[in-house]
Every structure is written in structure tokens, then in C-alpha cells.
Amino acid sequence: MDGDSSTTDTTQLGITGEYMTGGTYVLQTQDDDGDESFNDHEDGNGSKDHFREQDIYLPIANVARIMKNAIPQTGKIAKDAKECVQECVSEFISFITSEPLKLYLQKFREAMKGEKGITPVTVSEGLGEELTDDSFTFSVLKGLHNELMLCYFELTAGQLPAGLITADGQQQNVMVYTTSYQQIPGVQQIQFS
Amino acid sequence: MSAKNMEKVEQATNRKNISLPMSRVRLIMKSSPDVSCINQDALFLTTKATELFVQHLALSSYKNGSGKETNTLSYSDLANAAEESETFQFLTDILPKKILAREYLKSLEEMEKDADNL
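So the protein sequences, as listed, match chains A and B.
With the UniProt record's numbering applied, the first sequence covers 1 to 193.
With the UniProt record's numbering applied, the second sequence covers 1 to 118.
Hints in this document: simulated from the structure, not taken from any laboratory.
Where hints are given, some of them may not hold.
Said to hold, decoys possible - Straight-line C-alpha distance at most 30 Å; calculated DSSO-like pairs for lysine-lysine:
| no. | chain 1 | residue 1 | chain 2 | residue 2 |
| --- | --- | --- | --- | --- |
| 1 | A | K79 | B | K97 |
| 2 | B | K30 | A | K82 |
| 3 | A | K79 | B | K113 |
| 4 | A | K82 | B | K113 |
| 5 | B | K106 | A | K68 |
| 6 | B | K63 | A | K68 |
| 7 | B | K97 | A | K82 |
| 8 | A | K76 | B | K30 |
| 9 | B | K106 | A | K76 |
Computed from a prediction, not measured in an experiment: that's the story for all the values here.
Please construct the entire structure, taking both the sequences and the accompanying hints into account.
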């Protein structure tokens, strides 16, 4: 992710300043231009063609609603806080759409293969050294295990073709999550029946 | 994906009460390098995890921050959470703490003054 563009965006939020000594800063203007042009997301049409790739966010209304339901009833949320969480969300999605997710899915499917009694999967190996067993991502994935199982069963109830997770060879670095039986040359395939 | 399969997926996801648009989540996932196609399982898992992430971030920041006095979740609460909590470390780049320009220049001056005095 390009950290610079996000930093630039936050300087446009124009709120009252916070002070600190040491550490990293972002300079902010005194003006409150109140113009958040990167944040209208209600429509899904071509008007967003001018957005850079790193500016893709989830709709702020949805994000704000989730936040509001999470904090105590009487709490309020600053507008710039909502916008920032919106950016954090995109960062989070990019963060887990890599090794952690791939490894989790692979292990999950292996567990699914042994039909009788789904055994819980452990993904601590895949989450990197900096994330401990208590890390949020890990507990989230663990917590989602049951829900995903149910969802998976519903998907396969109509005997859909089983999903493939393909791992690349050494030449190309392409990760494919697919539900088709495509034969991709030069790619090692793990098949589930 | 056929219409019938899509219907099944939608049924399943509706039952799970997802409040984030999966199509948008897929877009963001695709912006990652090395990802070409995304399985429905992966997409659902990510969307759900994202929801929980928002809840967790909001609540942690609110609790640790100025919620007691102002009852409002502010940007600085988020920035503090990113810095202090291990699980939110990956957000420190996009949640820097803010400083007014004149304060920064002032502290710069003071640093230069200290350097001169040495």
C-alpha cells in the first residue's frame, strides 16, 4: 500500500490539532476545507474511474453503522474518525489478503476433508512472527471458523464443484482462488473432491 | 458463477447478516498483488473478518481514549490505539498523530537552538 497518499489524505481532514513530541508527524492545515471528495461511495458506476487503486474504500455509511453499533449507546463518532476507519479497513483487507488467508483456507479445506467431526484448524504458523496467538487476526479467524463451516456446507449442498486453491510454481507469482477446474499450465494444483 | 449458485451464496450471506458490500471487498482484495481470482469462501471470510475488525477497532479506541470525558470517538483515539496496541500496529503508517504546522516549526527551532548550545 502506498502510505504517502493516505498521509496526504489525512492532512485534508482539517480538524483541530494534536500535539506530540518525537515520533512521526503529519502536518495539517488550519483550514477546514471540509471537502472529502474521495469518500462518496453510494454509487457503483463509472464516476469513480479517476480514483487511484489505493483509494478504494468501503462505503462510509456501512462502516459508520458498524462502528456505532460497537460503541456504547450514548457514544458519538467524529467525522474524521469514520473516514480514518474507512482507510484502516482497506488496509486491513489488503493485510489479510495474502499469506494468512491463503494458509487458513488451505488448512480449513484439509480439515473439511475428514468429514466426520470437523477438527479445529490452527493458523498460527501462517500469521507471521509479529502476530502472537492472542493477536486479533488470529482470534477473528478462529472465531469465524464455525460460521464459515456453515456457509461452506450451504454452498456445497447443491454439489457445486469443489474449490481449488492453486499454488504457483517458482516462475510466476500468481495466487488463484477459484471454483473452477481450470488447468493452469505450470501451476501445481491441490484438488478437493 | 451461475445464477443458482449466486442465489445460494446470497442466501447464506444474508443469513449471516453481512453489512458490508462484498463486491467492494473483492475490489480491494484484487488490488493486492498476486491475486487474480477470489473464491467465494475467501471473500465471505474476509468480509466478515472486516466487520469484526471495525467493531474491535472502534470499541478499543473508544475505551482507551477520550470516551469518558467527551463521549466521542475522535481521530486521536484511533491514532493512540494504533500506536499502543500490538494488534493494530499495521495501522501506524496510515494513522499518524497530527501536529499543527506552527507547533512543529517551533519544536524544530528549539531543537536547532539546543544543537547550537552544545
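Hints and how they fare:
1. About 16 Å separates the Cα atoms of A:K79 and B:K97, which keeps this hinted pair within 30 Å; it holds.
2. Taking the CA atoms of B:K30 and A:K82, the gap is near 24 Å; set against the 30 Å cutoff, the hint holds.
3. At most 30 Å may separate the alpha-carbon atoms for a hinted pair to count; A:K79 and B:K113 exceed this at roughly 39 Å.
4. At most 30 Å may separate the alpha-carbon atoms for a hinted pair to count; A:K82 and B:K113 exceed this at roughly 40 Å.
5. Restraint check: the Cα-Cα separation between B:K106 and A:K68 comes to about 38 Å, which exceeds 30 Å; the hinted pair is violated.
6. For the given pair, B:K63 sits about 13 Å from A:K68 by alpha-carbon distance, which is consistent with the 30 Å threshold.
7. For the hint pairing B:K97 with A:K82, the CA-to-CA distance comes to about 16 Å; that is within 30 Å, so the pair holds.
8. For the hint pairing A:K76 with B:K30, the CA-to-CA distance comes to about 33 Å; that exceeds 30 Å, so the pair is violated.
9. Note on B:K106 and A:K76: the hinted pairing is violated, with a Cα-Cα distance of about 33 Å set against a maximum of 30 Å.
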